[in-house]
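Novice: For the protein sequence lines, the chains are A and B, in the order given. Numbering that gives the first Met the number 0 puts the first residue of the first sequence at 0, with every later residue one more than the last. Numbering that gives the first Met the number 0 puts the first residue of the second sequence at 0, with every later residue one more than the last.
Derived by calculation from the structure, the hints in this document are not laboratory data. Watch out, some of these pointers could steer you wrong.
Simulated restraints, written as ranges between beta carbons of each label pair [said to hold, decoys possible]:
1) Lys77/A <-> Val152/B: 37 to 47 Å
2) Ser212/B <-> Ser73/A: 49 to 59 Å
3) Gly96/A <-> Thr334/B: 27 to 37 Å
4) Leu80/B <-> Arg142/A: 46 to 56 Å
5) His163/B <-> His51/A: 15 to 25 Å
6) Asp53/A <-> Leu80/B: 49 to 59 Å
Cut-off 25 Å, straight-line C-alpha distance, at most; resulting in silico cross-link-like pairs (SDA-like, lysine to any residue) [unchecked claim]:
7) Lys77/A <-> Val331/B
8) Lys173/B <-> His373/B
9) Lys77/A <-> Ile336/B
10) Lys77/A <-> Trp403/B
11) Lys173/B <-> Gly131/A
12) Lys132/B <-> Tyr308/B
13) Lys214/B <-> His373/B
14) Lys132/B <-> Arg64/B
15) Lys77/A <-> Ala408/B
Where chain B lies over chain A, by a calculated footprint (3+ residues, C-beta under 8 Å) [as the list claims (entries may be wrong)]:
16) 29 to 39
17) 50 to 56
18) 79 to 85
In this text, a Cβ means the ideal position worked out from N, Cα and C, and glycines have one as well.
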Amino acid sequence: MRRLAVFPLFVVLMAPSCLPSTPDQSAWRAAAIRSVEDVASSVATVEWGIEHDDDLFGRYLRSLVVHAEESADSSQQKLSSLQPPGAAEAIYDSATGTLSDATSVVADARIAVVEGDDAAYPGLAHRLDQIGDRLDALEQQLRAMPTGDHD
Amino acid sequence: MGRFLNVALGVLTAVGGFVDIGDLVTNAQVGARFGMSLAWATVLGVIGICLFAEMSGRIAAVSGRATFDLVRERLGPTMGLLNLLGSLGVSLLTYVAEIGGVALSVQLICGVSYLLLFPIFGVFVWLVLWRAKFSLIENVFGILGLALMVFVVSAFQLGPDWSHLGHEAITFAKPVQENWSTWCYYAVALFGAAMTPFEVFFFSSGGVEDGWSDKDLPVMRSNVALGFPLGGMLSLSIAACAATVLMPLGVSVDSLDQVGIPVAAALGRVGLAIALLGFVAATFGAACETGLSVGYAVGQYFGWQWGKYVRAAVAARFHIVIALSTLVALGVLATTIDPVTVTEMSVVFSAVALPLTYFPILVVANDPDYMAEHVNGRLMNVLSSLFLVLVVVAAVAAIPLMIWTHLGA
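Please construct the entire structure, taking both the sequences and the accompanying hints into account.
Specialist: Right, here's the structure in full:
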């Protein structure tokens, strides 16, 4: 009987841990800027690597690109796992979409590097450059967003 | 001639041994994010480690006794034990970071995941600590670590705007998008990376092992006064390279492979190969030094026979402590925690633990019962007291800043 009484209490106590993290607008904006900067850093690293592959050893380049991809994935997931505040829902879609596109291009670069497909590097460098510009624009948009502190 | 060679060897070893995984990662991170605006923290850290190492080296030479032996005697068993536990925790954390750093460095050369490499290199470090001579550990890895001078060459080859870098360094010009709390956090991290306690334990315990006497003081002081500042210059050149290449690209450093990018940009594959040799030597040498420092600290506190100059069977408990700490380090790395994250934490906790050993050393260095006529002079006391204040401020600020800035994110 006592066990039956403890179970609902356990469920009530544990329920909040099943919910996504719900930061306020200011905290969400800071986290979003951090994620965008981190993904942009990964994109810039991979772009530099494939543009300067003659200056790097093959294994070094592979390691560089694999780490960058892991880092970009992790940053994207961090932002996706946060519940956006109501006022940020529109930019949330744009941010997660751009980050997803960026990690996808980084993954394509990793595939080319691991396969040693250096003919694909110029095209990938162009795509990385373009997504880098989109990430810069997104970062500016996030910085211009009201923090919500005065609301 | 013999004395000159001793000085030259000591200086080279101090330069090569100054930079470890903490210096590599922290200086590159700071250069890429803050340019040279935090160069002052490295300079302060270098002055601090010179004072700290000179005092503990002088104590070792004059009294023939090592740091934790004196810490226990001066502070009593209970306070001494708390002191030991704090310092041991930081040394263990650094040991984990260094073994992980060796594995990450070798991964960059052979392409095999560090998760497969760290057990092999952990056992290799332990074998070296068990079987190799002290002089080999002290000199060979330190001298191979000089390969990192490739960062100095790269800094010149990249041809940065020196006046801009110099302006950043003297005006503390923080980038506008960064906030002051993160800037302060990285200042503490750089200070901790330059003033790592294990370097001083290793230096002074090595003095006891080598049987230094007061006749060795000039050589010891030359090593400190030349070796550490040249090592600091190496740290600044890593930051300058990152500020020149990585900062304009918008790359923030979160892995060891990004640290090598400026060298590859400046000197191509030849430069990168030399840098990789430096990464392996610096991290392996530092792993040996931290592993020994853990054994030294415990052995000295409990009054056991310790050191590399006695047979392993005679110093069995010292070697058992090293073996156990290696197992603990491998256990931590087996959780797949990122060694770079461990490194970031280790440099901050180094700053936290610094007063624990700095203060007792300052007290003993002023005690005529131990030091006779070799007690601190007035200038030394002014400088070292000033640094005691800095060390305490850094220690108190470190953890709140780490929490406030989410590890400098």
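Novice: For each hint given before, does the structure comply? Return the numbers of the non-compliant ones in rising order.
Specialist: 8 and 18
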